[in-house]
Amino acid sequence: QKEVEQDPGPLSVPEGAIVSLNCTYSNSAFQYFMWYRQYSRKGPELLMYTYSSGNKEDGRFTAQVDKSSKYISLFIRDSQPSDSATYLCAMQVSGNTGKLIFGQGTTLQVKP
Amino acid sequence: NAGVTQTPKFRVLKTGQSMTLLCAQDMNHEYMYWYRQDPGMGLRLIHYSVGEGTTAKGEVPDGYNVSRLKKQNFLLGLESAAPSQTSVYFCASRPQQGELAKNIQYFGAGTRLSVL
Chain V
22 QKEVEQDPGP LSVPEGAIVS LNCTYSNSAF QYFMWYRQYS RKGPELLMYT
72 YSSGNKEDGR FTAQVDKSSK YISLFIRDSQ PSDSATYLCA MQVSGNTGKL
122 IFGQGTTLQV KP
Chain L
52 NAGVTQTPKF RVLKTGQSMT LLCAQDMNHE YMYWYRQDPG MGLRLIHYSV
102 GEGTTAKGEV PDGYNVSRLK KQNFLLGLES AAPSQTSVYF CASRPQQGEL
152 AKNIQYFGAG TRLSVL
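Protein sequences appear in the order of chains V and L.
Letter by letter, the first sequence follows residues 22 to 133 in our numbering.
Letter by letter, the second sequence follows residues 52 to 167 in our numbering.
What the hints contain is simulated information worked out from the structure, not anything from laboratory work.
Any given hint could turn out to be false.
What the hints assert, rightly or not - Restraint-style ranges between C-beta atoms, simulated for each label pair: (1) V:S89 <-> L:D77: 38 to 44 Å; (2) L:A133 <-> V:Y92: 36 to 42 Å; (3) V:S115 <-> L:M92: 23 to 29 Å; (4) L:A160 <-> V:D87: 32 to 38 Å; (5) V:N48 <-> L:D89: 18 to 24 Å; (6) V:T128 <-> L:A160: 17 to 23 Å; (7) L:M78 <-> V:Q101: 28 to 34 Å.
Even glycine gets a Cβ: it sits at the ideal position worked out from N, Cα and C.
Generate coordinates for the entire structure from the input sequences, incorporating the hints supplied.
Here it is, written out as structure tokens:
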């Protein structure tokens, strides 16, 4: 069993839809939770960052962490064609090595 | 403002050939990482470095070597390439200072490698 599981999709939605992306994990030591966005043939870039449990909102994006269920989510409101990308969840235990464990990535297409 | 630069962008190798991938960052970051990305597998850590002159193994280190002779550069070597090493390789760097800053890795654009 992988430490981090993410449904690879692909996920196709119409413009304006609400998108829900999810990851589950098995390591209870994870403290830092991130979502990276990766456009085709580009490197990943950080989209959202959350420490421990709770919600974080940034414009149309909301990240949620439920440590009791070992489950994290990314919600995209009013999705746009420019949101079409692969979304990778990533997690890290506390400490200085900074090693991230990534999910498999979910490919999202938002159709105009 | 270059950030993290990877060279080359594309490469085709024959089985058994060797090559070196170069990663350069201009952000004065202490930590650097090499990942490979394969379909359905996400990003997997190959090797990493927590400072100049240091290296450590990640999740999938076999068949690769690395060196960090200068703080700004992190080299990934394939001594004898195999078809299983066909992948997209990403380099990332991260600062050491600051609680939030410590956890943000900045990625290069990737190197697409095919081994025939």
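Outcome of the hint check:
1. In this structure the hint that V:S89 and L:D77 lie 38 to 44 Å apart at CB holds, the actual value being about 42 Å.
2. Separated by about 37 Å at the C-beta atoms, L:A133 and V:Y92 satisfy the suggested range of 36 to 42 Å.
3. Against the hinted window of 23 to 29 Å, the Cβ-Cβ separation of V:S115 and L:M92 comes to about 25 Å, which satisfies the hint.
4. At about 34 Å, the beta-carbon gap between L:A160 and V:D87 stays in the expected band of 32 to 38 Å.
5. A beta carbon spacing of about 22 Å between V:N48 and L:D89 agrees with the range 18 to 24 Å that was offered as a hint.
6. As the Cβ distance of V:T128 to L:A160 is approximately 19 Å, the hint placing it in 17 to 23 Å holds.
7. Checked against the hint of 28 to 34 Å, the pair L:M78 and V:Q101 passes, with Cβ atoms roughly 30 Å apart.
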